[in-house]
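Start from the sequences and build out the full structure, keeping to the hints where you can.
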Amino acid sequence: MPRLLLHPAAKPLLFVLALLPFAWLVVGAFTDGLGANPAEYLLHATGDWTLRFLCLTLAITPLRVMAHLPALARFRRMLGLFVYFYVVLHLLSYSWFDKGFDVADITKDIAKRPFILVGFSAFVLLTPLAATSFNRAIRALGARRWQALHRLVYLIAGLGILHFFWMRAGKHNFAEVAVYGAIVSALLGWRLLQFLRKKRPLPMLVMRRQLSKQ
Amino acid sequence: LAGIPSNVPGAVTLEKLTSYKDITSYNNFYEFGTDKGDPAANAHTLKTTPWTVEVEGLVKKPAKYTLEDLLKLSPQEDRIYRLRCVEGWSMVIPWVGYSLSELIKKVEPLGSAKYVEFVTLADPKTMPFVGSRVLDWPYVEGLRMDEALHPLALLTFGLYGEVLPNQDGAPVRMVVPWKYGFKSAKSLVKIRFTDKQPATAWNKAAANEYGFYSNVNPNVDHPRWSQATERRIGEDGLFAKRRKTLMFNGYEAQVGQLYAGMDLKKYI
Numbered sequence: 001m002p003r004l005l006l007h008p009a010a011k012p013l014l015f016v017l018a019l020l021p022f023a024w025l026v027v028g029a030f031t032d033g034l035g036a037n038p039a040e041y042l043l044h045a046t047g048d049w050t051l052r053f054l055c056l057t058l059a060i061t062p063l064r065v066m067a068h069l070p071a072l073a074r075f076r077r078m079l080g081l082f083v084y085f086y087v088v089l090h091l092l093s094y095s096w097f098d099k100g101f102d103v104a105d106i107t108k109d110i111a112k113r114p115f116i117l118v119g120f121s122a123f124v125l126l127t128p129l130a131a132t133s134f135n136r137a138i139r140a141l142g143a144r145r146w147q148a149l150h151r152l153v154y155l156i157a158g159l160g161i162l163h164f165f166w167m168r169a170g171k172h173n174f175a176e177v178a179v180y181g182a183i184v185s186a187l188l189g190w191r192l193l194q195f196l197r198k199k200r201p202l203p204m205l206v207m208r209r210q211l212s213k214q
Numbered sequence: 215l216a217g218i219p220s221n222v223p224g225a226v227t228l229e230k231l232t233s234y235k236d237i238t239s240y241n242n243f244y245e246f247g248t249d250k251g252d253p254a255a256n257a258h259t260l261k262t263t264p265w266t267v268e269v270e271g272l273v274k275k276p277a278k279y280t281l282e283d284l285l286k287l288s289p290q291e292d293r294i295y296r297l298r299c300v301e302g303w304s305m306v307i308p309w310v311g312y313s314l315s316e317l318i319k320k321v322e323p324l325g326s327a328k329y330v331e332f333v334t335l336a337d338p339k340t341m342p343f344v345g346s347r348v349l350d351w352p353y354v355e356g357l358r359m360d361e362a363l364h365p366l367a368l369l370t371f372g373l374y375g376e377v378l379p380n381q382d383g384a385p386v387r388m389v390v391p392w393k394y395g396f397k398s399a400k401s402l403v404k405i406r407f408t409d410k411q412p413a414t415a416w417n418k419a420a421a422n423e424y425g426f427y428s429n430v431n432p433n434v435d436h437p438r439w440s441q442a443t444e445r446r447i448g449e450d451g452l453f454a455k456r457r458k459t460l461m462f463n464g465y466e467a468q469v470g471q472l473y474a475g476m477d478l479k480k481y482i
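In the order they appear, the protein sequences are chains G and E.
Taking this note's numbering as reference, the numbering of the first sequence is continuous, increasing by one, and the terminal residue is 214.
Taking this note's numbering as reference, the numbering of the second sequence is continuous, increasing by one, and the terminal residue is 482.
Calculated from the structure, these hints are not laboratory results.
Any given hint might turn out to be false.
To be verified - Pair by pair, the computed Cβ-Cβ distance ranges are:
(1) A104/G <-> Q471/E: 32 to 38 Å
(2) K108/G <-> L231/E: 30 to 36 Å
(3) V124/G <-> A442/E: 22 to 28 Å
(4) F165/G <-> T259/E: 27 to 33 Å
(5) L192/G <-> A420/E: 31 to 37 Å
(6) G100/G <-> G475/E: 33 to 39 Å
(7) F15/G <-> D249/E: 26 to 32 Å
(8) G375/E <-> A104/G: 41 to 47 Å
(9) G375/E <-> A9/G: 20 to 26 Å
What the hints assert, rightly or not - With a cut-off of at most 35 Å between alpha-carbon atoms, the simulated DSBU-like pairs for lysine-lysine come out as follows:
(10) K286/E <-> K319/E
(11) K250/E <-> K112/G
(12) K99/G <-> K275/E
(13) K320/E <-> K275/E
(14) K320/E <-> K99/G
(15) K250/E <-> K108/G
(16) K418/E <-> K455/E
(17) K410/E <-> K275/E
Unchecked claim - One side only, chain E facing chain G, incomplete, derived with CB under 8 Å:
(18) Y234
(19) D236
(20) T248
(21) G251
(22) V344
(23) V348
(24) W351
(25) K418
(26) A419
(27) N422
(28) V434
(29) I447
(30) E449
(31) K455
Built from N, CA and C at the ideal position, the CB exists for glycine as well.
Below is the structure:
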């Protein structure tokens, strides 16, 4: 398993896999395959995939520690960037299909509706994380500050779940919200436990250095 | 299920019909699941024969109608209505049925009857999501007596000239075209005349979001989204603009007088 994870094809393979949902949506949109309300389908699907990639990204560290698979660290950045990729598509779907790119209307909507405000805040907070994901940014910021900045992801995850919860609250439909909520709580809860036990996992940056030496 | 042309003003819009496929595959019918595709996938379990509808409460002639009695109670008419969902989408649907007022006349409501309550079947054996905590089952809806007597309020048995598919509320449902779609209860088993405003399913779940009246109104937003515009299912391409929502879903000329003097921002 560790050897497979270090295989040179592993990253390109993950990249292609992570693009599959997008490809599937594009094909669906052009072949009338997204049901009676394709705009709503795209909006919901891109939101779902944002949450799924967020869960995957947050799962990397607990998995690497519990399963003793340090090589998993190689994939975290790419998964994190796919969170941003799908949230951009989500925002684009909303702005385009729901609002016709009417900036005044969008601004009014963000100010007026808490669930839109929460979702938009999560997007805004995620932007500096995506923007500082390359190695030079890490060096420029310094590892400590970079890591502090990237802890924002815990807040972003909370906002994402709240956004989803509030959206579904309109129709009392919480089954899926509960699933994502439970996954994110478990992943963040694990970190909290590690913190309380003072058994901190090896920071990812140290991890990277060790891996690059291998 | 053949219908005759209707003489009721506003009964037939000339807009392009939504396709049969979209009308029967994109549904809100939470007894069968909360996804739009769930009712079409799950509603085959619903058993619509035999079927009876109990008419009870403040009426001179309470009765248990079999579906066969109801089908023959008054001539079936073709009505083409706009349907506006509270979620912000709309369809144009050719229904078959007759004015609920025909049934109301037969049972002779007492002077004390002020409201009509509609009760949907809640059978956990054939409806897999009855028992989920999404709503307080059975699904109950209601109208004020004058609304229920309005000729556009349709007791509905079919669409596109066929009997109702299960996912669209078979074998008999209400269609109240000037109100958001959820006001039109499906698969009716009980129609009750009362002197008190019925406690309706969505109103009980979230009174600030789903008022008892829930008339289509572009000027009163849902707390989570605007009601000023809607997306017409099937007709517009993915990139087409949403269309403007009309007051009372375009039936203002016919039903506006029912609400004269009422503050519609208060009575949502």
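A quick look at each hint next to the structure:
1. One distance hint, 32 to 38 Å for the beta-carbon pair A104/G and Q471/E, holds here, with the actual separation near 36 Å.
2. The supplied range of 30 to 36 Å is met by K108/G and L231/E, whose beta-carbon atoms lie about 34 Å from each other.
3. At roughly 26 Å, the beta carbons of V124/G and A442/E sit within the given window of 22 to 28 Å.
4. Restraint check, F165/G to T259/E: a C-beta distance of roughly 31 Å satisfies the suggested window 27 to 33 Å.
5. Against the hinted window of 31 to 37 Å, the Cβ-Cβ separation of L192/G and A420/E comes to about 33 Å, which satisfies the hint.
6. For the pair G100/G and G475/E, the supplied restraint of 33 to 39 Å holds, since their beta-carbon distance comes to about 37 Å.
7. Distance hint check for F15/G and D249/E: the Cβ-Cβ separation is about 30 Å, which falls inside the suggested range of 26 to 32 Å.
8. As the Cβ distance of G375/E to A104/G is approximately 45 Å, the hint placing it in 41 to 47 Å holds.
9. Between G375/E and A9/G the C-beta distance comes to about 58 Å, which lies outside the given range of 20 to 26 Å.
10. Between K286/E and K319/E, the direct Cα distance comes to roughly 15 Å. Compliance with the 35 Å bound is thereby established for this hinted pair.
11. For a cut-off of 35 Å, the pair hint linking K250/E to K112/G stands: about 27 Å separates their Cα positions.
12. Taking the CA atoms of K99/G and K275/E, the gap is near 52 Å; set against the 35 Å cutoff, the hint is violated.
13. The straight-line distance between the Cα atoms of K320/E and K275/E is roughly 8 Å, inside the 35 Å bound, and the hint therefore holds.
14. Simply put, K320/E and K99/G have alpha-carbon atoms about 49 Å apart, too far for the 35 Å limit, and the pair is violated.
15. Under the criterion of a C-alpha separation no larger than 35 Å, the hint pairing K250/E with K108/G is consistent with the structure, at around 29 Å.
16. Taken as a hint, the K418/E and K455/E pair is honoured in the structure, with Cα atoms around 34 Å apart against an allowance of 35 Å.
17. A hinted pair counts as satisfied when its Cα atoms are at most 35 Å apart, and K410/E with K275/E qualifies at roughly 20 Å.
18. Proximity of Y234/E to chain G is violated relative to the hint, the smallest CB-CB distance being about 11 Å (cut-off 8 Å).
19. For D236/E, the interface hint holds, the least distance from its beta-carbon to any beta-carbon of chain G being 4 Å, beneath 8 Å.
20. Interface hint status for T248/E: upheld, as the beta-carbon distance to the closest one in chain G is roughly 5 Å, under 8 Å.
21. Proximity of G251/E to chain G holds as hinted, the smallest CB-CB distance being about 7 Å (cut-off 8 Å).
22. Given the 8 Å rule on beta carbons, the hint for V344/E is violated: about 14 Å separates it from the nearest Cβ of chain G.
23. Hint status for V348/E: holds, given a least beta-carbon distance of 5 Å to chain G, under 8 Å.
24. A distance limit of 8 Å between C-beta atoms decides the matter here; for W351/E the minimum to chain G is near 12 Å, and the interface restraint is violated.
25. Because the beta carbon of K418/E sits about 10 Å from the nearest beta carbon in chain G, more than 8 Å, this interface hint is broken.
26. A hinted interface residue such as A419/E counts as satisfied when its beta carbon comes closer than 8 Å to some beta carbon of chain G; here the least separation is about 5 Å, so the hint holds.
27. Taking 8 Å as the C-beta contact cut-off toward chain G, the hint placing N422/E at the interface is violated, the least distance being around 11 Å.
28. The closest approach between the C-beta of V434/E and any C-beta of chain G is roughly 13 Å, which is over the 8 Å cut-off, so the hint fails.
29. Taken as an interface hint, I447/E checks out: its beta carbon lies about 5 Å from the nearest beta carbon of chain G, inside 8 Å.
30. Annotation: interface hint on E449/E violated; nearest CB of chain G at approximately 11 Å, more than 8 Å.
31. The interface hint given for K455/E holds, since its Cβ lies 5 Å from the closest Cβ of chain G, which is under the 8 Å cut-off.
In this structure, the earlier hints numbered 9, 12, 14, 18, 22, 24, 25, 27, 28 and 30 are contradicted, and the remaining ones agree with it.
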